[in-house]
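**Student:** Once you've looked at the hints, go ahead and assemble the two chains, each given alone in its own frame, into the complex.
As given, the protein sequences belong to chains A and B, one line each in that order. Its first residue numbered 7, the first sequence is counted upward by one per residue in our numbering. Its first residue numbered 301, the second sequence is counted upward by one per residue in our numbering.
I should point out that these hints are in silico values taken from the structure, not numbers from a laboratory. Keep in mind the model is a prediction, meaning the values are calculated, not measured. Treat the hints with care, as some may be off.
To be verified - Cross-link-like lysine-lysine pairs, in silico, BS3-like; alpha carbons within 25 Å at most:
(1) A:K67 x A:K110
(2) B:K581 x B:K423
(3) B:K358 x A:K259
(4) B:K309 x B:K512
(5) B:K512 x B:K556
(6) A:K299 x B:K358
(7) B:K512 x B:K312
(8) B:K347 x A:K45
(9) B:K312 x B:K334
(10) A:K46 x B:K347
(11) A:K48 x A:K299
(12) B:K512 x B:K331
(13) A:K259 x A:K37
(14) B:K539 x A:K299
(15) B:K358 x A:K219
(16) A:K259 x A:K45
(17) B:K347 x A:K259
(18) B:K312 x B:K331
(19) A:K37 x B:K347
(20) A:K299 x B:K347
(21) A:K259 x A:K299
(22) B:K347 x A:K44
(23) B:K347 x A:K48
(24) B:K512 x A:K299
(25) B:K512 x A:K44
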Amino acid sequence: MPVAKSPPSFRRLFDDIGTVDAVGIEERVAKYGTRSVKKKAKVFGLRLAVTMVDLTTLEGKDTPGKVASLCAKALRPHDVGEIPPTAAVCVYPAMVRHAAKHVKGTAVRIASVATAFPSGQAPLKTRLAEVRAAVADGADEIDMVINRGAFLSGEFGLMQDEIAAVVEACGAATLKVILETSELETYDNIRAASFLAMRVIRPNDFIKTSTGKTSANATLGNNQVMLEAIRDHFLATGVPIAMKPAGGIRTAKQALTFLIAVKETMGDEWLNNGRYRFGASALLNDLVRQLEKERTGAYQAPWNFSEASEGY
Amino acid sequence: MSARLTITKTPKCYVGGAFIRSESGRVFELKDHKGEFFANVPLCSRKDLRNAVEAAAKAGPGWAKRTAFNRGQILYRVAEMIESRVEDMAGALMLGGVTKAAAMKEVVAAVERIVHYAGWTDKYEAMLGSVNPVASAHFNFTVTEPMGIIGVLAPDERPLLALVSLILPAITSGNCVVALASETQPYPAILLGEMLAVSDLPGGVVNLLTGKRAEMVPTFATHEHLRAISGAVNAEQRKALRLGAAESVKRVRLWKAEEAVDWESDAMEGLEEIRALVECKTTWHPVGG
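The shape of chain B in the complex, shown without the other chains (with noise of 0.2 Å):
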C-alpha cells in the first residue's frame, strides 16, 4: 500500500447548529507554540457576529421554554461528550505549550464546571426567587427570567476553561450565547464547538466565533439585540465596551485580561455567575383574586 495523502482539516466555527467559515472568506494562520504552522482558522467579521445573534435569536426562545431539568440533562450531556474526548481536546490545548498534565488538568477542570452548572439548573431558580412580604392583600414574588442573547470574549489564556467559564452560566437559566474565542489559541473552541453539535444542545444557544478581538469588540459593544457582555478584556476595549453597552443599555460583566486571573477557583463558579445574566420579574397578585 502507497504512502497515505495527509488529510489535514479545515478548522469551522460552530454557528446556529451548523459549521461554517467566515462570510469574509478570511482566514488566519494558527501556528503551535514552536511556530510551525497548524491550520487555517476562520477570521470571522462583524457581519459573522450579526448572523450569529440571529441564530442565536431563534434558538433562544425553544431553550428558554424548556424545562429547567432538561437543560440540566443536556449541559450533562456536553460534559460528557467532551469527557469522552479529553484527549483530543488536551492535545489542542498543548498546542499552546502547555504540558500534557497541565492540559488535562485543564480539560477536567472544564468538564467539572459544566457538570456543575447542570446541577445549578432546576436549583438557582429557589434560590434567586422569593415570595417577598408587602402590606397589602396581595400575594408578591420574584421570579427571573433569561435575559436573551449574551456576547462572551473569551481571554487569550486558559483557551478552553475560560471560555467554558463564561458561556456556561449563561445558558444555564436559558440565556443564548454568541462568544468569541481565545485570539491566539482558538483551537480549543473549534472542538469545543464539534463536541457540542454532538451533545443535545440546540443549535444556536452557543455559537463559536474566531477573530481578532480588536476588530469585533465595537460590534459587540453596539449591537442593540445583545443583552449583555460577560469577558475577560484589555483596559481599552473594557472601555469601549462600557461606553457601547451605555448606548444600548447591557449589563456589562467584565474581568481584566491584563491581571492573571484565576479560573480555576472555585470563585468563578455559582449562583452569583448565573445571578449576574438573569432578569428579576415581580409580580403582584392579590390574595384569593
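Looking at chain A on its own, in the form it has when it is part of the complex (with noise of 0.2 Å):
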C-alpha cells in the first residue's frame, strides 16, 4: 500500500520556513510554568494581563443587555483597586452596534468575529459582507477564520488569497487570523498557517489560536509554536505581527504563565496589548480576584465579583 504523503505544496513550504521539534516546544513550555512570579511582579503581571483581556460574549443568547454589562465590564473590571480596563470587547457583528453605545470613545476598542466565525464555510462574498458590514458598524478590529479545508488540502494560494481580501474588506480595523489550531493537527501545520498568513497580512496585525468554539483551545505548546513563527518572520522582514491565544485560559495562573512565555519568546516589545492580546471571558474575573488577593491580603470568595456560584 502507498504510504500518504503531504501535497508537494507542504513539502516546499517546510523547506522554506522550517518544521517545529515538537519534543522540544514540549519541554520548553513545560519549563514555564516553574517561574516563581511573586509580590510586585505578580500584581505588574496581572493588571498587564488585565489590559491584553478581549473580554468576549459569543454565544447564540447573546442580547444587547448582555452586551451592555459586557461593555461596563470592561470599562470598570471592578468596583475598587483602580483596575484599568480591558483592551476590548470581542462580541458578534450584530451585537458591535450595541456595543459602539457604551464603549465608542473610551479606551476599549470593538473586536468583532466575522467571516461566518466559527465554521468560516460560507461564500467568499458573504464573509467579506460581514466583515465590511461589522466595520461599518463600528468595530475597530475583526477576527476572521481561515479557510482550514484550503489548507490542509494545500491550496495555500487560495487561502492567502481570502486573508488578502478580508484584509482590504478590514479597511482601517485591525485584522485577527483565527488558524484553529485544533484543527491544524500538527504544530508543524501550525507554524505553517502562521507564516502563511502572516505574509499577507499588515504590521501589527494578529495571528490567533482558536475560536474557542473546538474541544481544545489556545495551550502554552500552540501559544510557543505560534510566538516562534512571529518572532522569525520578524527576523526575517522587520515586520511585527501580534498574538492572540483565546479559548481555555480561565485562570490567572495559566495568564502570568503566556506572559512568561512572551516575555522569553519576543521580549518586552511584545509586552502590550497593542502586540498581545487574551481572548476570554472568564479570565477577567480571576484576575481581578487575585488583584484583590494582593491588595486586601486575604482569598475572595467569586460572589464578589459578579460569578454565579449558587451560594457557594
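**Tutor:** Structure, rendered in C-alpha cells:
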C-alpha cells in the first residue's frame, strides 16, 4: 500500500520555513510554569494581563443587554483597586452597534468575529460582506477564521487570497487571523499556517490560536509555536505581527504563564496590548480576584466578582 | 523466603476526593507517645487551604441539591465504613498514648455520632423551618439553606471524636467542610480521609488538612469564601478568628481549647449544632396567588 504523502505544496513550504521540534516545544513550555512570580512582579503581570483581555461573549443567546453589561465590565472591571480597563470587547457582528453605544470614544475597542465564525464555511462574498458590515457598524478589530479546508488540502494560494481579501475589506480595522489550531492537527501545520497568514497581513495585525468553539483551545505549546513563527518572521522581514491566544485560558496563573512565554520568546516589545491579547471571558474575573487578594491580603469569594456561585 | 522489606505508608491529606501532599512539599514528623518516629505528615500551607476551598466550592452545589434522605444514606454509609475498620482507627488513636479501651470508646462514640446526624438529615428542616403568622393575605414561611463552605479547626485532644463532632452538623444540612486536623495527633484524620474516600460521600464535601494551627488560623480567619468557622482553639486564635470573621462577615462558633470540652456529652450533638450552620430564608407568598 502506498504511504500517504503530504501534497507537494506542503513540502515546498516546510523547506522554506522549517518544521517544528514538537518534543523541544513541549519541554520548553513545561518550564514556563516553574517560574516564581510573586508580589510586585505578580501585580504587574496581573494588571498587564487585564489590559490585554479581549472580553468575549460569543453565544447564540447574546442580547443587547448582555453586551451592555459586558461593556460596563470591560470599562471598569471592579469597583475598587483602580483596575485598568480591558483592551477590547469581542462580540458577534450583530452586537457591534450595541457595544458601540457603550464603549465608543473610550479606551476599550470593539472587536467582532466575522467571516462566518466559527466554521468559515460560507461563500467568500458573504464573508467579506459580513466584515464590511461589522466595520461599518463600528468594529475596530475583526477576528476572521482561515479556510482550514483549503489549507489542509494544500491550496495555500486560495487561503492566502481569502485573507488578503479580508485585509482589504477591513479598511482601517485591525485584523486577527484565527488559525483554529485544533483543526490543523500538528505543530508543523500551525507554523505553516502562521507564516502563510503573516505574509499577507499588515504590521501589528494579529494571528490568533482558536475560536474557542472546539474542544482543544489555546495551549502553551500552540502559543509557543506561533510566537516563534512571529519571531522568525520579524527577524527575517522586520514586520511585527501580534498574537492572541484564545479559549481555555481561565485562571490568572495560566495568564501569567503565557506572559512569561511572551517575555522569554519575544521580549518587552510584545508585552503590551497592541502586540498580545487574551481572548477570554472567565479570565478577567480571576485576574481581578487575584489582584484583590494581593491588595487586601485575603483570599476572595467568587460572588464579589459578578460570578454565579449558587451560594457556594 | 527472605524477610520482607517494610512497606512504609505516606500519609496524605484528603482534598477534593483525592489524596494529596502539601503543595509546599513540606512535612512534619509525627511521633508516637513514646517519642518514636511514626511517619511524615503533610505540613499544609495557606495555599493548600485555598485549594481545598476551591474543591469544596465545586462539590457544594451538588451536595446541597441532594435529597435530605440521600444525604442521610450517605452519612450512614460513612459510619459503616468506619465501623468496618474500628481496629485500625483505634490503633491510630493509640499513637497518642490512650489505652485500647479508651481508643475503642472514642471510635464507637464517633461512629454513633455520625449515625445520629445521618438520622437528622431529613428531620431538621421540619424543626427549624416554620410557617409564620402574618397580618395580611400571605403565606409566610421560613426554610433553611446551607451556608456554604465551613472552616473547621479541630482541637488536639479527642482527635477523631472532636473532628467528627465539628464536621457532621455542617455537612448534614448540605454545607461543605475544610477542616484542619489535630496538630499533635493528625493520623486519625488521615485515616478518616481514607474511610470517607470509600464511602459514598462526594469528593470535596469534606476536605481534611494537616499542619500547624497557628500558621493556618490567619487564613481561615480572613478567607472570604468560608462562611463560618467552627472549632476549638486557644484565646489568641479565637481573637484572630473573630477579627478576621468581622472583616469577612462570617459566623464563628468557637470552643475554648484551654478548657476541657466533654466531646462525648450528648450536649455536643443535635439540632442546635445544625442550626448554628444554616441560613434561614423567609418567603412571602400571596394567598391564592
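**Student:** For this structure, which hints from the list above don't hold up?
**Tutor:** Of the numbered hints, all hold.
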